[in-house]
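Participant: Each chain, letter by letter, is given below.
Number of protein chains: 6
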Amino acid sequence: MSEVAGRLSVIEGAKHLEKPFGGSGVLISGVPGVARANVAIIGAGVVGENALKMAVGLNANVTVLDVNMKKLTYLDDIYGSKITTLYSNNHNVEDACINADLVISGVLLPGAKAPKLIKRAFYKNMRPGSVIVDVAIDQGGSTEVSKATYHDDPTFVVDGIVHYCVANMPGAVPRTSTIALNNSTLRYGLMIADMGLEEAIKESEPLKFGVNTYEGKCTCRGVADAFNLECQEL
Amino acid sequence: MSEVAGRLSVIEGAKHLEKPFGGSGVLISGVPGVARANVAIIGAGVVGENALKMAVGLNANVTVLDVNMKKLTYLDDIYGSKITTLYSNNHNVEDACINADLVISGVLLPGAKAPKLIKRAFYKNMRPGSVIVDVAIDQGGSTEVSKATYHDDPTFVVDGIVHYCVANMPGAVPRTSTIALNNSTLRYGLMIADMGLEEAIKESEPLKFGVNTYEGKCTCRGVADAFNLECQEL
Amino acid sequence: MSEVAGRLSVIEGAKHLEKPFGGSGVLISGVPGVARANVAIIGAGVVGENALKMAVGLNANVTVLDVNMKKLTYLDDIYGSKITTLYSNNHNVEDACINADLVISGVLLPGAKAPKLIKRAFYKNMRPGSVIVDVAIDQGGSTEVSKATYHDDPTFVVDGIVHYCVANMPGAVPRTSTIALNNSTLRYGLMIADMGLEEAIKESEPLKFGVNTYEGKCTCRGVADAFNLECQEL
Amino acid sequence: MSEVAGRLSVIEGAKHLEKPFGGSGVLISGVPGVARANVAIIGAGVVGENALKMAVGLNANVTVLDVNMKKLTYLDDIYGSKITTLYSNNHNVEDACINADLVISGVLLPGAKAPKLIKRAFYKNMRPGSVIVDVAIDQGGSTEVSKATYHDDPTFVVDGIVHYCVANMPGAVPRTSTIALNNSTLRYGLMIADMGLEEAIKESEPLKFGVNTYEGKCTCRGVADAFNLECQEL
Amino acid sequence: MSEVAGRLSVIEGAKHLEKPFGGSGVLISGVPGVARANVAIIGAGVVGENALKMAVGLNANVTVLDVNMKKLTYLDDIYGSKITTLYSNNHNVEDACINADLVISGVLLPGAKAPKLIKRAFYKNMRPGSVIVDVAIDQGGSTEVSKATYHDDPTFVVDGIVHYCVANMPGAVPRTSTIALNNSTLRYGLMIADMGLEEAIKESEPLKFGVNTYEGKCTCRGVADAFNLECQEL
Amino acid sequence: MSEVAGRLSVIEGAKHLEKPFGGSGVLISGVPGVARANVAIIGAGVVGENALKMAVGLNANVTVLDVNMKKLTYLDDIYGSKITTLYSNNHNVEDACINADLVISGVLLPGAKAPKLIKRAFYKNMRPGSVIVDVAIDQGGSTEVSKATYHDDPTFVVDGIVHYCVANMPGAVPRTSTIALNNSTLRYGLMIADMGLEEAIKESEPLKFGVNTYEGKCTCRGVADAFNLECQEL
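Protein chains in written order, with our numbering: chain A, 66 to 299; chain B, 66 to 299; chain C, 66 to 299; chain D, 66 to 299; chain E, 66 to 299; chain F, 66 to 299.
In short, the hints are calculated from the structure, not lab data.
Every residue, glycine too, gets a C-beta built ideally from N, C-alpha and C.
Please note that the accuracy of each hint is not assured.
Cβ-to-Cβ under 10 Å is the rule here; a few derived chain B residues that face chain D [what the hints assert, rightly or not]:
1) 67
2) 141
3) 145
4) 152
5) 278
Produce the complete structure using the sequences and hints provided.
Facilitator: Written as structure tokens, this is what we have:
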């Protein structure tokens, strides 16, 4: 689903840069003779990589930030002169945000709250009508003001900056999202149908790992902690 | 402005393919393992070429149709294995529309009504929720049901097909559009300011060609005809 | 050698699409204004990746299928808008075959018979003269009718579909194949020449792994099983 | 048709480089670690450009020669580091042929015999089994030994060099060729059907230009000269 | 020769950005995680296009400015997301220069002094050690302080900005330059040798146009004006 | 730093091919109609990959040699028809050097002297004025005559071949190099500042690995061996 969200984030960003949607009225691609939009992508994980692919495809001037040098090197191999890669630190994040027409944040730490890398203090130096698409909203968001929104009213404005914070982005393209989900999960469903749950779990480590409750007992440490339940090893 | 409209058409199309906007819920780019959308671009003029650039950038499976073989050959040089070029005839247009998730029409005949190449009869064989962006709406549109819409309510649905027919597409990105317009027109404004209208017209053929009225008389044949005025040579 | 076979498979496929060779008379690349051939590549292993590279190079409209999502994602990074990647399941394989002018199968399971993914039932819905290049023929082939052929009579026709099933494809380009083989094996030959077999085996794990018989005893489990011999640890 | 022939020429060349077809046994693309074939394309007209596209697509090391600097510059823009462009003179043609595994000649002078740019004297310095595809065979061919061949026996060998000289190359892919031809000619057929020949000729300059006989008189200067007929202006 | 100078200009610029050569110590390409240099190319004629090709090749962040919209559109087709194209006006030139680590000027007006587009007033806002390569130096140069230099001492510094103003840049790569020159001129030399000057001039318009003196009289208007000679029609 | 050196090596090589710098006077990129330079890159490690990227960017005809087949395959994926990959053995290295205008060696064996792969015996068959950039000079160099040089006198000539052997190449672009170094090391400095050395070492394996002396005792095996000191485990 991160791939869907990453790709969608650029379409949403480009759309909300339109004036009638509160944006600054910049066409992400520019046209010959008129500068294209600057896009800053914070985090080069699955979300960031997929956003990058779409933003480059729309001819934006893209800067991508991460601390993972191996990933930045790979992106440099793939995209070459099409992008700027920057090591992610406070100074570079601020710089990239201030220069950006569109900021996409895909900074997700597995099982932890997303860090608030995008400070409200940056906003006063950004162009009014610039857009932040906060794909990390599921885990609390990457800005200090992020709060989850829905597809029917996807944005809010703080200090002139448009925030797109839809928590369930892939829900907008259910046909693609469902097939993508099936590609990853159908085999497990078939295993359970064929073998019964117990046998299937013995066969498949990932399936075992995915069981949250069994015979009325919580079997997943994370869920148990979150809901203050007793956890029982499967 | 055709460049702005052409580029924007793909962003609008991708956006309106989203389920909450009436579309079929397909992500234009697909994701690895899930098919990408089919995009048919009818007409490889300025609108079509710019739409093509964006649609390819978003990893869609693009087919472009035109009768201009020289232009199709140029596009084949530039885009190679990224696109399919088809000679435009009734059979190919129907085929391309029926297979498309998104149809973009940029068929503009200078000074004439756009031909209605996209028949309503095609719709029953198209996937419900497919989108037609009719950039030719300024000149009457390319479908049999096209009618101009506005940015605040840009689409209508006929036989399950979403029609995007905003007549003033570049108005959504005024910052880019204004600069693009200035790049083409500012020099003429400066000429008039520097030299006075009469001298400027003598210097510049395009400027002369752009004068519609002079000393209370209509000086442009097309406008005169349209409004039933007497036309006086400048 | 899989790299040679994978690359060659597209040249063979393109050649046998010619009418005088039994094919449907389609030029794999198309020309501007005429659709290019659809190529389905089943399996994105070494054979599939190399076939992909050549098929894209010849401007075909390529769909590649595999269950390995990581590999599909890598191919999406490298080829972007040039290909469609599909998760491999019965439905998608059938769909891809039916739409294909050329099917290339490179589905090889190490040390096992190739699965018969391409059903004869598909043929009646394929265009007559379409071509299947079955690179998996060494391990039994991927179609229900595959049988090994030779370079002097490389194809046979079943239900109108041309099957190319040469078992030793790299033999057609011995100059390239020999050098490729030397690049991988010469170092081991030199080790044996320099050190004697016993010392060389102690130095090199891959070399030890490659010894099939020693002092009259079979030392390779697989060969021993196949020929019903006693196997003796080296 | 030149586009079909140009594209096909590379597939034929790659195929006939195979050992069982008399070639040197080189895989045109090479594989990683093994050099790719050198391909020399003489003439950057329609044939040459289309051959170039396919040869680059198959990862060959391509050199293209022409005297048209504007065309070479365009190819440099499109292909950049993928090709070498050389000004065509005797020295460069000889050099390119001697280093080539595959030579493709598309030197066509409209309405004249093709110049014999590829001298038999080059052959002794070429690698045995190298292939020449002489697309100019329709107009006499580009080598000193060229003679037309047919699809059922397409090659002959002189001094160890394989010559492919099929005069009607597009005939191998009739499906693609027929559609390509229709794209260019159908409109004229429809004009004649709709308007009658006389009216159609008045409307269309190219159609008029294409009339060879009218009311029993030859109306085409070239044909008249060739067959020693009287020529009558249409 | 403009092609040689344009390509060389980027190598010279990259070299002189090195600290030991007075530059700011920036590597033109950056490395993953470190920003690449900004390169502004003023003028998209032959010099500019060739500089662009090399600067993009070295992964610089390139902005190209011109008033020729058709050329900017072509560059957008070829380079897509790799470059920014800007309409050339005072504001954009100043902006591009101030942000640039390397400025390359190739603004040549045929037969006229190059306009002084790069103002000394810009320098105080540029990073010290930035480099200007003034390929227009042959026609007076594009900066207010340009003066011709030679290969043995190619640069001078004004207000902290390094100026590279070698008037005969192609002289640094005589092997390439000589062949390039021969490609364009040899045919004329051969014509004169074969036919004598008088006949050759009758055959060839360009050759006639290139004659500066004949029988002791100056026959070229431009040269005559420059040296205050009488001009006699050939 | 290897990335900086690898990228810089091509700029240095291109510069020193200029006649005034002792080179053969070849422009690395060629121009349309004139052959581009042949560049041989020996070793496809970090240095080689980065040199490759720049050399391809400058449109050189690049051959890269390594024994690592996986790396060659990756480069083939990324660069396709833009490069030739060769398995590195004596024969191929000699061949590549003899045909090269520019040789870049980045063969570094961690903690060992670089192998002398480039024999002086090759020089007599190379074009005079060809350039070798020996990035392995830090570890003794890759040629039989290599000796370290400095930025103020970077080259020497042996048998007509220009050797560039600056030991501290990244020192030429200190701005880029310093930031690159900071990206990798700053976090460790901050850890020591925050936690004190002892705690920081406990937290971070790489930091511990980097300590050479502690309380007056040498704690690094390599340094201890090199200077004949007693080594004390940290």
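Participant: Compare the structure with the hints numbered earlier in the document and write down the numbers of the violated ones, lowest to highest.
Facilitator: Numbers 1, 5 - these are the hints that the structure violates, sorted from lowest upward.
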